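Participant: Below, each chain spelled out in residue letters.
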Amino acid sequence: MAAEVISNATKRFASGAVVDLHLRWPLEPPGVLILFGPSGSGKSTVLRCLAGLERPEQGTIRFRDEVWADAERGYSMPPQARRVGFMFQDFALFPTHTVVGNIAYGLGALTAPDRDARIGEAVRLLHLEGLEDRRPRQLSGGQQQRVALARAIAMRPRLILLDEPLSALDAPTRMELRGGLRRLLRTLAIPSVVVTHDWEEALALGDTVAIMTNGRIVQIGPPAAVFNAPRDVDVARIVGMETVVAGQCTAYADGLATVEAGGVRLLALSSGDPGPEVYACIRAEDVIVEPLGVAATSARNHLRGTIRSVTPMSALVSLEIDCGFPLSATITRVAAEDLKLQAGSAVTAAIKAGAVHLIPREGAGATAGTRAHRGSG
Amino acid sequence: MNWSAISVTFELAALTAAILFLIGVPLAYWLSFSSFRGKFLIESVVALPLVLPPTVLGFYILVAIGPHSPLGRFYADVVGQPLPFTFQGLVFASVLYSLPFAVQPFASAFDQVDRRLLEASWTLGVSRLKTFFKLILPLSIAGIVTGVVLSFAHTLGEFGVVLMVGGNIEGVTRTVSIDIYDEVQSLNYAVAGKTALFLLAFSYAVLLLVYAVNRKVWAVWPQK
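In order, the protein sequences belong to chains A and B. Under my numbering, read the first sequence as residues 73 to 449, first letter to last. Under my numbering, read the second sequence as residues 75 to 298, first letter to last.
I should point out that these hints are in silico values taken from the structure, not numbers from a laboratory. The structure presented is a predicted model; accordingly, all values stated were derived computationally and were not measured. Wrong hints could be hidden among the right ones.
Sample of chain B residues lacking proximity to chain A, with all beta carbon distances greater than 12 Å (derived) [to be verified]:
1. V119
2. H142
3. D188
4. Y255
Okay, the calculated beta carbon distance ranges per label pair [what the hints assert, rightly or not]:
5. A:R127 with B:F233: 49 to 55 Å
6. A:A243 with B:L274: 58 to 64 Å
7. B:S109 with A:A301: 23 to 29 Å
8. A:L182 with B:D188: 24 to 30 Å
Glycine is no exception: its CB is placed at the ideal position from the N, C-alpha and C atoms.
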């Protein structure tokens, strides 16, 4: 049987909430699947069903050639037998155990030398040297997160499940650890499912993004494709970042990065060198639309383009501008009328450097389209 | 002081606390972790000794272990002597009488264990039984100590149940509290006062221990 996770399971809660886990996801080559959506959309439930911590009431979950859950037969493989590395949102470190005790916790079946080797490997991989004998409460949030990761991967899981891996951390730590987490998941090359409601995390970590709302996966595909081409208004609202374009960072100096995307040069603020491969992300409301020939403004990016479509939305108007790449902009209806904007109008789109968000996509090794993981039934 | 009564009492309390540890821990585990809806029925039964007059409890136990009940006959057949008015009968009664003092602290300690820690343990491949010993027990140690000590202390001071089930046999079932009662009846206030003071001091020391163990600053894992 193919190396895939195939699920058509349904989990019902006493409260009446229903989560449908309808998914077909290839495990080869090992990638990172992001479950993205607002809180309460059922992301964590999906993860818990995969871990065996929840039993679906209907349907089956298959992992490679194993049946993990079959509601009709009343079977659910216990979490102990699934060999998944699960990381909880609040880390759930054992307060009674040291850092090494936490990492060694699930390695009881190994011989002492093997166990020590695994612990050493996990400690090195997560840079926990010097913290071995500390208790969880003597660690900072970022250190706790790394211990939780080390514990989850020490047993060499077949599937890694991360529930909001960075949400318990403050913003600077989150930024710092995001890159580390991305590199770790690439190094391990173990299929991973990551739950998040942070679009930067989704773009930085994922090879495939599944958008969830109301207990269902409504769209699944490569991140840029999902973020740029939301299937419907719901998905568009959930992803919240209207323009995501893949580009190459060609220069970085003094906090300013130069990015080539779609034949256009963009200047972006960036607190560190983002690396050569990036996503440039622009919110539609950060785009200022001007008629051609307006004098210079403080905005660093002036992109010439042609309006492809004008879509009224109550007091606002949504524009699609072709300026080398498709750019979304929202302006007020009054402004659109004043500028007499319509499909075909030539305009300049002005974007401040600070409104261009760069998300590294190093080692993504995949361009949109080559890894469409959409379930094909 | 009547040293034979004191030794009977301590033997009874120690044995009762030990038995309650062995049966109370699984019972409390079930009460805390089971999702069975009728759980409250058992919880209420466990709590009954808290509100029943000891004489009522003692009466039912006496009837239940007496020669006219199946349980009493079965015991008499197997052991060769009936349960009432023996030390063994007293242990049986004390276990029931002190049940809530052990099970309730155990169960509330188990209730406080973060369920995510258990789930983390399971996903790490550790069975439920091993999770209990590796994680739940160490995390609940204060509650376990409290339950054992409280059931010990509570058994020390029991009176009504002992009188109903054990009678008042010197060296076998005469406990400290009954001894004090007897001395007062014979107007030996000095002896009764000595024994009473001993029991008071001991009980106070025991409760000091319980509250000390439950103080967070004294946490079971001292800060480094």
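Participant: The structure should be examined with respect to each hint, and the outcome stated for every one.
Facilitator: Cross-check of the supplied hints:
1. No beta-carbon of chain A is positioned within 12 Å of the beta-carbon of V119 of chain B; the least distance is around 26 Å.
2. No Cβ of chain A comes within 12 Å of the Cβ of H142 of chain B; the nearest lies about 46 Å off, and the non-interface call holds.
3. Not every Cβ of chain A is farther than 12 Å from the Cβ of D188 of chain B; the closest lies at roughly 7 Å, contradicting the non-interface assignment.
4. No Cβ of chain A approaches the Cβ of Y255 of chain B within 12 Å, the least distance being about 46 Å, so the stated non-interface status holds.
5. For the hinted restraint 49 to 55 Å between R127 of chain A and F233 of chain B, the CB-CB distance of approximately 51 Å keeps it satisfied.
6. Judged by the Cβ atoms, the range 58 to 64 Å given for A243 of chain A and L274 of chain B holds: they are separated by roughly 59 Å.
7. Taking the beta carbon of each, S109 of chain B and A301 of chain A are about 44 Å apart, not inside 23 to 29 Å as hinted.
8. At about 27 Å, the CB distance of L182 of chain A to D188 of chain B agrees with the hint of 24 to 30 Å.
When the structure is compared with the earlier hints, violations turn up for hints 3 and 7 and for no others.
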